[in-house]
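**Q** Let the hints inform the model, and build the full structure from the sequences given.
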Amino acid sequence: MRRHIVLVLAVALALALMGGVAVAEQPKYGGIWKDALGANPPHLDPVFATDTTSAEVGYQIFETLVGLDPDGNVVPLLAESWEVHDGGTRFVFNLRKGVHFHATTEGGTPTANGGREVTAHDWVWTFNYICSPETNSPRAYFVDMIKGYEEYQSGKADRLAGVTALDDYTLQIETSYPFAPFIQVLTYNTFVVLPKEDIEKWGTADFNFHPVGTGPFKFEQWLQDEKIVLSRNENYWMKDEYGNQLPYLDGIEYRIIVDYTIEYTEYKLGNIYQSYVDTPYYEEAKSGAVGQFFERPQMGTYYYGFNVELEPFTDKRVRQAFNYAIDRETLIDIVLEGRASPAKGVLPPGMFGYNPDLEGYEYNPEKAKQLLAEAGYPNGLEVTLQYNTNLGHKRLAEALQAQFAQIGVKLNLRNVDWGVHLDTVERGEVPFFRMGWVVDYPDPDNFLYVLLHSDNIGPQGNYSRFNNPDFDALTEGARLEGDPEVRRHLYQLAEKIVVEEAPWLFIYHYVDHSLVKDFVRGYQLPAFGQYTNKFTKVWLDL
Amino acid sequence: MSKQEMVLSSAVAKQYNAEKEPKGRSLWADGWRRLRKNRLAMLGLFIIVFMTFLAIFAPYVAPYDPIEQLIWTKGRAAKLASPSREHWFGTDLYGRDILSRVIYGTRISLTIAVAASVVSLVIGVSLGAVAGYYGGKVDDFISWLTNVIYAFPFLLFVLSIVAFRPASLTLVYIAIGFVSWPSIARVVRGQVLSIKETEFVEAARAVGASDFEIIFRHILPNVIAPVIVQVTLGMGSMIMTEASLTFLGFGTQPPTPSWGYMINQGREYLLSGQWWWSVFPGLAISLTVLGFNLLGDGLRDALDPRLNK
Amino acid sequence: MGRYVVRRLVGAIPVFIGVIVVVFILTTMVPGDPARIMAGQAGNPETIARIRKEMGLDDPLHIQMWNFFKSAVTFNLGRSYRNNMDVNEAILSRFPATFKLALAGMVIAIVLGMTSGIISAVKQYSVLDYTSMLLALVGISAPSFWIGLLFIYFFCVILRWIPGTGTGNGEFVYLILPALTLGIRPAALIARMTRSSMLEVIRQDYIRTAWAKGLGAKTVVLKHALKNAMIPVVTIVGVQMASLLSGVVLIEQVFQWPGVGRLFVEALTYRDFPIIRGEVLFLAGLFIISNLLVDLSYALFDPRIRYD
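Chains as they are written, first to last, in my numbering: chain A, 1 to 542; chain B, 1001 to 1309; chain C, 2001 to 2308.
Note that these hints are calculated values from the structure, not bench results. Treat the hints with caution; some may be incorrect.
Calculated lysine-lysine pairs in the DSS-like style (CA-CA distance at most 27 angstroms, straight line) [said to hold, decoys possible]:
| hint | chain 1 | residue 1 | chain 2 | residue 2 |
| --- | --- | --- | --- | --- |
| 1 | A | Lys239 | A | Lys97 |
| 2 | A | Lys97 | A | Lys196 |
| 3 | B | Lys1037 | A | Lys344 |
| 4 | C | Lys2123 | B | Lys1037 |
| 5 | A | Lys517 | A | Lys28 |
| 6 | A | Lys369 | A | Lys410 |
| 7 | A | Lys201 | A | Lys97 |
| 8 | A | Lys34 | C | Lys2100 |
| 9 | A | Lys316 | A | Lys367 |
| 10 | B | Lys1137 | A | Lys367 |
| 11 | A | Lys156 | A | Lys97 |
| 12 | A | Lys517 | A | Lys286 |
| 13 | A | Lys410 | B | Lys1074 |
| 14 | A | Lys517 | A | Lys34 |
| 15 | B | Lys1074 | A | Lys286 |
| 16 | A | Lys28 | A | Lys239 |
| 17 | A | Lys410 | A | Lys196 |
| 18 | A | Lys28 | A | Lys534 |
| 19 | A | Lys496 | A | Lys367 |
| 20 | A | Lys369 | B | Lys1074 |
| 21 | A | Lys156 | C | Lys2053 |
| 22 | A | Lys517 | A | Lys239 |
| 23 | A | Lys537 | A | Lys517 |
| 24 | A | Lys316 | A | Lys344 |
**A** Right, here's the structure in full:
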């Protein structure tokens, strides 16, 4: 009975929401968006931000040339349009006019740039700044195909030759070779436009604590470990479809809550309007009784990597046996409360090139035992899984311990902090390790080439040290190929090889969730995850 | 060890300094008689004996295998089942029996308490004895070392040792033991200082006994009583420290049924209403620490006649 | 008295030197190459070599130790690996929150502990006495982080008396639960200490005389007995203030309180060595200073103690 009421309410709510869109409810101005951040962000300076928490705040303050719509498609942002010339090696961006840097910040203090308009020269300066060897941005290498990058990085040139201003509102970027996903790379949160004056005022280290950009919200205050406050950018360039000035909100307040339990509790108490939904709360959140629930596949894959150069994983049969040993359905259904989808291969659903007909590994402990016996381990074996310290990783590994025990594998666990984990895994010292990958740009290149091509063995991403010439040839070809259908085919062939060779224990693809209060309007959960959301068009019906 | 115990221990040391006469058997007999009259202390003793019994006979007492995950065979029904006749303390996310895990958890806590105490005893007794016996520069140096270790907030020190190394029980008890020795060293030093001037030690020296012999034969036996009090009181806080470490996510590795880790795992579910995963291990910690505290208090009173009026 | 203070201060110097050495050992002798870890995913060999050089990792150990020593005594511990913030600033920006919490915890501990201690002593062997002493035993034995969790569950989720965790916007109500959780253990210790020293004083002759003179119970208790029972209690209060500062590591984690304890745990997770070093030094320094103050106040309260 109770369930029925919930259902009726949910339907009513859905109808109300749809109705709201249909009659175009008049947005209300005002209110503070109250949200939580999962950590004290290390970098509000986008040039150094490599983590999702930093990006989450950065997206409100800074803007890229091109953005992503909620479904992950590239759309204009500070560039109104762009053309691709010379076989995909020259990109011309027509910049939007009337975009201004923030004129004030931190309680009305004027910024060094004084709120001037952004021109193509600012972009040239910014790209030079990001790629400069002195700046040493950890993400500069994402654009290492820009012409003159190597020379500039090694000090042979004093500027980045490939980025030029054709006039005040036209920016040209040339690459040394055609790189199909280049435009996707430019959506990454590091490649934003920055005000030279403010960076010079604060210096590279302190700009992090006084960020100034062009985005819908301005930086106000950062109380370490406590909260980050942003205020409305009253000179923001974007208007809604009725010509109303955006954003609607007066500001954003991010509480720093390093604990999903507390985050959810705070949400239910009404202190924050949006919450991540951790496993224990999934059922309640999904019921719709505590707010609007959003769910969508996130382009990412959670896996355990085998180092194919180290015993016992040099033997393909052992790797395959491990893949047969786990019951992904039960694992996801019970331990993860169904908030993920079982992984058959590398590419997540929703990504270009995803193959719904891919044949993965089913749960078959008998077959696993048989493969182990063939590989010379009739009595099982003992292996150690290394993971980075995190309750969620521990929770999953603990479940899999029992699964491996069934096929005679004693799984020991070893946790280290993220820095050491990455370091030892990159060096190829760890035979069996946990990893996860969420797209930086929505293209299979970001998965297959980056994570498994033999050129990328080690720190670049191929932690399994997988080395397969056929696979290499396929992914290289796809990188240069212009025709989407051919590319799709090449990627699907490449992925089949990966599944057969099993350098990973494929576990699951992420599904992202978000829970927002019923009075929130205009909220969408982006394909890349809640952390990429911008609150430009969100408003509160309070 | 908190500063509290340190103050108490120096009080204990002072009182022992007061009685210059080393005591033999009568001290123990008297002590036991007094202890038996102290009902709270006996309760503490009972709790510890009970926990030790559970630890030793865990396989016979526990109704289930503590690491067996029932969800793979019994499905959803086995997951986070509330306390029932089959599972008195309920089950956890993987369908493991929490009662059995709490029972097996006694092994972890008591191992930590005993092993860390051994580590701190070895360091503390030897340094304390050497400092007290030789005095002078050696004493100054060891006292300085003691003060340095004392200057660190206990938990921070242990965390700094444990956090950067792969989790293991051995690491945890070594770290805890390594940080807790100063209180023992102080007690021992104080005792040795007062005993070494007594007539019977003088006599032994006159007969030509070596330093080693004097320390081990004549002095250390007289230090045992205050050290026992110190160690008993310390065990409670060692168990608490281990629980704090694992609660913060350091120090133990699944599927080890450590109480602190169970509280940590269960806390998310506590706030969604499945209280049993973290409440029962919390009770187990409280009970065990209570046992050590009661017994420690009782021992202190019993072995120190001056306090008993 | 003045000379005693100076002597104690001077005596603290070698201890602090030892603390610096131990901190250096704790954060240097760890597995893993910090330079590689700092360089992160894009770390090419040149970057790593540069970082090694900047951090002085290629110097012999004793040189590194000496450099660390110099930076420690000049309060110049560098910047956080994680977000480049100055270490002093990072710690000092969190300290007020911790101090507020610790102070509130102490106030609760004193009020709660002394009240129940006095009542217990005056009504010895009453139900009230047994109850409060039992509670005190529980308070000493139960893990504070666990009690904190139960508090959140009862007072925030079930009863909704407290609006949430964190600091709110500094409203008082947010301070109640974390301070109470932090204060329980010292409250229990203070209660037991107050009770036993009150009992000792009450039995003495002059109190009996006061009773006999017909003074009201209240006057006797408050004016005479309490005054004399204070000395050991004061000591315990001081000593607990110092240990509270390490208890906050757990409580701040449970209540998401933005203080130095949470900063420390976070720094451990990310191997942020400058912060870890700064924090341990800072808290150890605080520890030494508060121990000093305890000794001094003990001397002040108890005229029998000599200063030489």
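**Q** Of all the hints numbered above, which does this structure not satisfy? Sort the numbers upward.
**A** When the structure is compared with the hints, numbers 3, 10, 11, 17 turn out to be violated.
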